[in-house]
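Engineer: Residue numbers (the numbering used here), protein chains in the order written: chain A, 1435 to 1786; chain B, 4 to 374; chain C, 2 to 98.
Note that these hints are calculated values from the structure, not bench results.
A virtual CB, placed ideally from N, CA and C, is assigned to each residue, including glycine.
Careful: at least some of the hints might be erroneous.
Below are the EDC-like pairs computed for lysine to aspartate or glutamate, each with C-alpha atoms no more than 16 Å apart in a straight line [stated by the list, open to error]:
no., chain 1, residue 1, chain 2, residue 2
1, C, 11, C, 25
2, A, 1580, A, 1549
3, B, 109, B, 76
4, A, 1580, A, 1548
5, C, 11, C, 32
6, B, 126, B, 158
7, B, 5, C, 45
8, C, 11, C, 61
9, B, 103, B, 73
10, C, 11, C, 40
11, B, 126, A, 1638
12, B, 109, A, 1780
13, B, 103, B, 76
14, B, 327, B, 50
15, B, 5, C, 60
16, A, 1584, A, 1548
17, B, 5, C, 61
18, B, 5, C, 65
19, B, 327, B, 76
20, B, 5, C, 25
21, B, 126, C, 40
22, B, 103, B, 312
23, B, 126, A, 1635
24, B, 5, C, 59
25, A, 1584, A, 1635
Take a look, some chain A residues computed to stay more than 12 Å from chain C by CB distance [unchecked claim]:
no., residue
26, 1502
27, 1632
28, 1639
29, 1652
30, 1655
31, 1700
32, 1705
If you anchor each label on the Cβ, the simulated ranges turn out as follows [to be verified]:
no., chain 1, residue 1, chain 2, residue 2, range
33, A, 1472, B, 337, 14 to 24 Å
34, A, 1756, B, 285, 16 to 26 Å
35, A, 1634, B, 205, 33 to 43 Å
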Amino acid sequence: MMDTIDFDTWTCPAPLRSYPSIVMGHGGGGRLSAELVEHLFAPAFRNATLDALGDAAVISLDGGRVAYTTDSFVVRPLFFPGGNIGTLAVNGTVNDLAMMGAQPRYLTAGFILEEGLPLATLGVIVEAMAAAAQSAGVQIVAGDTKVVDKGHGDGVYINTSGIGVVPEGVTPAPNRAQPGDVVIVSGDLGLHGVTILSVREGLEFGAPIESDCAPLNGLVAAMLAVTPDIHVLRDLTRGGLASALNEIARTSGVGIRYEERRLPVPTPVAAACDMLGMDPVYVANEGKLVAIVPPASADRVLEAMRWHPLGARAAIIGQVIDQHPGVVVARTAIGGSRVVDLQIGEQLPRIC
Amino acid sequence: MKYLDEFRNPELAERLFADIRAITTRPWAIMEVCGGQTHSIIRNGIDQLLPPEIELIHGPGCPVCVTPLEVIDKALAIAAQPGVIFCSFGDMLRVPGSGKDLFRVKSEGGDVRIVYSPLDAVKLAGANPDREVVFFGIGFETTAPANAMAVYQADRLGLRNFSMLVSHVLVPPAISALMESPTNRVQAFLAAGHVCSVMGYWEYEPLVARYHVPIVVTGFEPLDVLEGVRRAVAQLETGRAELENAYPRAVRREGNVPAQKMLADVFEVTDRAWRGIGVIPQSGWRLSERYRAYDAESRFDVGAIRTQESPLCHSGEVLQGLLKPTQCPAFGKECTPRTPLGATMVSSEGACAAYYQYGRFIPADLPLARP
Amino acid sequence: MCLGIPGQVKEIYDVSGIPMGTVDFAGITKEVCLAYVPDIQVGDYTIVHVGFAITQLDEESALESLRLFEEIGRLEEELNPEAAAPRDGQGGGGVVP
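Start from the sequences and build out the full structure, keeping to the hints where you can.
Structural biologist: This is the structure:
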């Protein structure tokens, strides 16, 4: 077994060398996370399905296409207004499948539990997972449990994997955005991230909101019923809307332009971001998606979304263009423009 | 949000832009001192919309950018010590020292925590009597009263395990130093609104008189920044040099007297090194004799810190407005936000980071202001 | 430096001998140190930086500033409509929320 990796012979060592060990930023959904995938995982596991870097892998099995994905949940605190790590674990994986147009069917759940975790706590989490699974119409069919020494596990870590069926003709993928396409977000931004911040030690503030954690497969089904040819679906998790748009712009080789004034940002989210010096476009969500839709069907897709309870505040925010490929530009409220880049790590509160 | 959203009104912004366009007849170089103002300018795309004659020079108004390298290295050394809980504002975590940043130290086992208020660090000290709690006390005059209260409170509560690594900087001496520099190009200043909320603006009157330079106390929202620019340009166009307050809802001439009293008790003036600029005499604050026991620099043996600024970094010239970030040979190559060489690339207000963000690309078809 | 935003004081109390308060920012509430605004009262607005109220916000002055901005440029529009003309409307299609 190798003790260390010789970065000089690795595929693309430079960006990894400056941080020889994992830092928190690697989990932030920004540039560091992207680099870890691009320069460590992808080269090691190299295959065409992985290289598509979608929310889930779509693979052909005898008889049809299946979406297959995994996600791990390490959130602190375990419980927050609107949910807990269990609801995230189910809905997160359901949503990754839904973003490939799949009807989610089965999940697995792996638990890494810290010695000393009260069983009552685990019970609440598991019950929440059962309720979330029922809500999403999926079954949890396999699992695993491991226990680690006290001090090594932050209470609970959960990994879920999921499998679903992709209907014929449904092929949303991160590389399918085309100039002229319309960019639609499904509703209010920033609720999950601000909720988590509001209960985090060192920040604590009162916030009349809760996490938007929800399964999006029903909403997606309603959208696909209007047209199966939705080009891209992406759920907005860590890194927020900005990260998702950047990934799409980069993968599809297109530019994306949106209007800040059209973003549905609820007042408490805007206020909390103003207080902490943060930007709502980088704040995490757990029940929102962005859709890139051909212009001919955009208005009908939007209408279908607004009819669905999870899409009531859906809005068209911008469009895909052929200028500045890979770059996302926002028109600011006062009419200027700014490049909306990927953050380096996670967004931090600032005083400056 | 009340008293915030109104100052972001696009229609009113358009009127201010129109007025500025109408009165500008010549090139002018105006410096906004405050990093928060720089952030607002970049964030809203304000300088793209101003007439091309107006150049906004982003000054050394970001405490993150100007905190001396030795102080960052001391912070890293203290944070790495076992038993220490090192508390800091979020801004400082990615600033590179000679070799690392606080994130690296955290990943190597240091207990580094982000706090919103310095009083949170005092709370931690109270809750963890067996740990040394150190707060990274950086900032301009705006933040100093908060940091002062933390020390004052720790002292009142007898929290011997609390200390502060102090690196405060003051605005008026910086303005003097800039105006004294033979290469200075700045013709007017937008003074930092919240610094003046605390300190008042009477300190700037002698600067206006000595250097015959307009100084306009300016806020942070788009309308505030535009109004500051508008008044500065109006003065420049008519050859006037006066002190004006364009942020009267938050600033009075005498400033915040209770805060100033606390500052006079807890801090004393000292010479300070500004990263990239050098030592500016009497331009900083350190803990006064009375509170010296809470000084982290004396409490921790941080040994012989050998600082090593990258020879490729031209932050200093950028901070003084002598070099545009795009003119720096390392810009975009060795130095990017991902691999910053100096603080001006790390901080979101740093001029280099700002240029990298929006300066890479300005859409050709987005309307720009026409004279 | 100096990220400070206006909020409304909802409650004033004492913590370990220091005047503190609850300040409301459009529904977000935060505990803020009020030691530096000794005359502030519930219902007043204040600018908060790193958990400290650094000044009371002068509401009359705020409204006066906004009135001033309304006046500015209106004169320009009257005297010189071309130079002061607002730019084209926003692009994008579909339903505006």
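Engineer: Regarding the assertion that residue 1655 of chain A does not contact chain C, is the least Cβ-Cβ distance greater than 12 Å?
Structural biologist: holds, 22 Å
Engineer: Cβ-Cβ distance between residue 1472 of chain A and residue 337 of chain B: within 14 to 24 Å?
Structural biologist: holds, 21 Å
Engineer: Is residue 126 of chain B close enough to residue 158 of chain B, meaning Cα to Cα at most 16 Å?
Structural biologist: Answer holds: residue 126 of chain B to residue 158 of chain B is near 13 Å, not above 16 Å.
Engineer: Given the hinted pair residue 1580 of chain A and residue 1549 of chain A, is their alpha-carbon gap at most 16 Å?
Structural biologist: Within the cut-off at roughly 10 Å; holds.
Engineer: Does the claim that residue 1652 of chain A lies outside the interface with chain C hold up, using a Cβ gap greater than 12 Å?
Structural biologist: holds, 22 Å
Engineer: What's the verdict on residue 5 of chain B and residue 59 of chain C, does the C-alpha distance respect the 16 Å limit or exceed it?
Structural biologist: holds, 13 Å
Engineer: Given the hinted pair residue 5 of chain B and residue 65 of chain C, is their alpha-carbon gap at most 16 Å?
Structural biologist: holds, 15 Å
Engineer: Within 16 Å, alpha carbon to alpha carbon, are residue 5 of chain B and residue 25 of chain C?
Structural biologist: Roughly 10 Å between the alpha carbons, so the hint for residue 5 of chain B and residue 25 of chain C holds.
Engineer: Check the following: the C-beta atoms of residue 1634 of chain A and residue 205 of chain B are separated by a distance inside 33 to 43 Å.
Structural biologist: holds, 41 Å
Engineer: Take a quick look at whether residue 1584 of chain A and residue 1635 of chain A sit within 16 Å of each other, Cα to Cα.
Structural biologist: Roughly 21 Å separates the two Cα atoms, so the pair is violated.
Engineer: Once the closest CB in chain C is found, is it more than 12 Å from residue 1639 of chain A?
Structural biologist: violated, 4 Å
Engineer: Within 16 Å, alpha carbon to alpha carbon, are residue 11 of chain C and residue 61 of chain C?
Structural biologist: Cα-Cα ~20 Å, so violated.
Checked against the numbered hints above, the structure breaks hints 8, 19, 21, 25, 27, 28, 31, 32, 34 and satisfies the rest.
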